[in-house]
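K.L.:
As a plain string of letters, each chain reads:
Number of protein chains: 2
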Amino acid sequence: MKKYKIKDDNDLKECEKLSISTDILIFSVSDEIQSNYRKLNKKHFSVLLAKRDTYPFEGKWCLPGGFVKPGEDIEDAARRILVDKTNIHDIYLEQLYTYGEVNRDPRMRVVSTSYMALIDKNRLNDKISNNLSWFNIAVTEDEKTINVTLDNNNEEIKFKIAKTLKEKTTDRYKYKILENDKLAFDHPLIIVSGISRLKNKLEYTDIVFNMMPKYFTLSELQQVYEVILGKKLLDPAFRRIIANKVEKTNEMRTGGGHRPSILYKYKTTN
Amino acid sequence: MKKYKIKDDNDLKECEKLSISTDILIFSVSDEIQSNYRKLNKKHFSVLLAKRDTYPFEGKWCLPGGFVKPGEDIEDAARRILVDKTNIHDIYLEQLYTYGEVNRDPRMRVVSTSYMALIDKNRLNDKISNNLSWFNIAVTEDEKTINVTLDNNNEEIKFKIAKTLKEKTTDRYKYKILENDKLAFDHPLIIVSGISRLKNKLEYTDIVFNMMPKYFTLSELQQVYEVILGKKLLDPAFRRIIANKVEKTNEMRTGGGHRPSILYKYKTTN
DNA sequence: TTATGTTATAATCATAGTGTTAATAAGAGA
DNA sequence: TCTCTTATTAACACTATGATTATAACATAA
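Quick mapping for you: the protein sequence lines, in order, are chains A and B.
Numbers 0 to 269, taken from numbering that gives the first Met the number 0, label the letters of the first sequence in order.
Numbers 0 to 269, taken from numbering that gives the first Met the number 0, label the letters of the second sequence in order.
Everything labelled a hint here was simulated from the structure, so no lab data went into it.
Because the structure is a prediction, the values reported are computed rather than measured.
Careful: at least some of the hints might be erroneous.
Because identical chains cannot be distinguished in the list, a pair is counted as satisfied if it fits within a single copy or across any two copies.
Okay, derived cross-link-like pairs now, DSSO-like style, lysine-lysine, Cα gap no bigger than 27 angstroms in a straight line [stated by the list, open to error]: (1) LYS173 to LYS264; (2) LYS266 to LYS162; (3) LYS200 to LYS173; (4) LYS230 to LYS200; (5) LYS230 to LYS50.
Could you build the full structure based on these sequences and the hints that come with them?
P.N.:
Okay, here's the thing in structure tokens:
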């Protein structure tokens with residue numbers, strides 16, 4: 000048996016060309032005032048991207064990430080990068096998927112583990128560095144392709160992914176990049192599968208509350224679901240589903256020109 | 000910005016000590032005749048383990064796995080190992096999680112990506128090599144710990160895992176090995192989190208059918224669910240849930256000393 | 001041949017959950 | 001005071017689920 004045994008010298012010789020990196024999908028939902036005439040603030044689902052200023056893919060956008068240092072755990076590296084970008088320590092962070100294709104980086108073999116971070120954008124207060132930018136996410140999908148448009152109110156990034164259902168042999172979907180001009184590496188794949196994971200997890204976990212402020216109205220919470228899932232939900236149905244996850248407070252949010260809404264908070268003791 | 004840029008020579012010097020490996024959780028469910036008196040064949044949920052015969056952890060059991068070769072995709076490596084162990088090509092294979100702790104292997108830094116493979120054990124026909132063995136899985140769990148017993152009718156492997164709920168900061172559970180004598184590396188963690196993923200996926204995917212023969216009775220299918228989830232299900236409820244996933248055939252299974260059961264097959268065109 | 005054991009399968013009913021529509025509540029501003 | 005707007009709840013039909021019970025059909029033994 001040759002398990003866990005380096006088979007020949009070639010293995011060791013080639014080793015020096017290998018690195019581990021991590022790429023982080025930092026997702027958030029934010030209000031954006033659409034018009035001053037009537038304060039119509041619409042929520043957006045968004046992801047944080049960085050503009051590359053070095054080889055390779057110089058000038059293209061990419062996910063915040065970096066190499067895992069020698070002696071550093073992968074998750075520690077992800078958190079280091081996350082703190083570096085946001086200056087916030089207690090951010091929800093979850094490992095998603097590891098990308099091990101041989102030629103995904105032109106410099107050398109780089110195996111990258113992607114993480115998903117969820118944050119309430121209000122906590123940032125524009126503390127992000129100047130090469131970083133939030134892009135609003137718009138996804139349209141049919142049986143075979145996924146079209147994604149990312150928009151930071153200044154630049155638009157569009158890409159297209161082919162989706163094939165690989166039955167019995169691998170994960171539910173196998174993605175392949177069809178069109179992509181502005182994103183570096185295989186990051187379109189990482190973004191698409193990350194969005195898909197988040198959507199799924201919304202339904203069977205309490206993951207949303209990591210993107211919410213401590214106090215929120217049920218309408219706000221519903222809008223967060225709607226903007227991530229990309230579809231409208233019916234009020235009473237939604238309220239019943241999350242009823243036992245939240246707790247009423249005595250506070251109200253007034254000033255909207257309509258009936259005030261009760262502020263709720265996440266009920267942790269469940 | 001230092002993203003994707005090797006920071007100093009130290010990075011490269013240390014690189015040569017890094018390797019990528021993959022460990023595969025090969026799960027199956029099998030009949031085992033418990034008694035000859037009355038043909039009471041009970042199903043078991045089981046995982047395939049290999050006995051190590053080299054340093055490190057010589058003599059201990061581990062998951063089938065191995066190093067990813069230079070120039071080989073991680074998933075290709077997983078499939079290569081899977082085919083090597085089973086001689087079957089079209090086995091369901093799904094990436095689970097990447098273990099990146101610095102000292103998980105005493106030889107050098109080894110980052111391991113775990114995969115889950117699901118197989119109908121009948122397809123193997125005892126084709127497995129002699130250092131491999133199927134272990135039946137028994138899990139008991141309370142709020143804080145998970146106890147696992149693996150049994151191959153010859154040897155018993157027991158281990159205990161602490162389960163902490165790390166709120167807001169990482170995946171739902173953080174596992175830590177409390178007791179473990181007979182398993183190599185951090186494989187108790189890989190096994191426990193793999194079982195947990197399989198249990199979850201049973202509920203919201205059609206993943207089970209990868210462990211089933213082409214034709215099966217509803218009782219057999221139900222037993223597979225029961226033995227993996229570790230609890231009894233009610234017949235009518237179960238039948239309603241899987242009703243639209245399966246398709247009746249004209250065949251029956253007779254010979255059980257009772258009413259014969261209709262054979263079903265998985266309805267792929269959904 | 002008939003009775004009995006055993007499991008397969010369906011019928012039944014109560015209860016819980018969900019989708020949908022519509023009604024009511026209450027602040028802001030005219 | 002009236003109107004606009006959104007928040008919140010009520011009400012109803014419908015669907016899904018949990019649980020119990022009834023019936024079907026084969027194998028085996030009397």
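K.L.:
If a hint holds in the structure, say so; if it doesn't, say that too.
P.N.:
Hint check results:
1. LYS173 to LYS264: So LYS173 and LYS264 pass the 27 angstroms test across copies only (25 angstroms; inside, 38 angstroms).
2. LYS266 to LYS162: For LYS266 and LYS162, the Cα distance is within 27 angstroms only across copies (21 angstroms; inside one copy 38 angstroms).
3. LYS200 to LYS173: both (19 angstroms within a copy, 18 angstroms between copies)
4. LYS230 to LYS200: Classified as both: same-chain Cα gap 16 angstroms, cross-chain 24 angstroms, threshold 27 angstroms.
5. LYS230 to LYS50: Close neither inside one copy (30 angstroms) nor across copies (51 angstroms); limit 27 angstroms.
In this structure, the one hint that does not hold is number 5.
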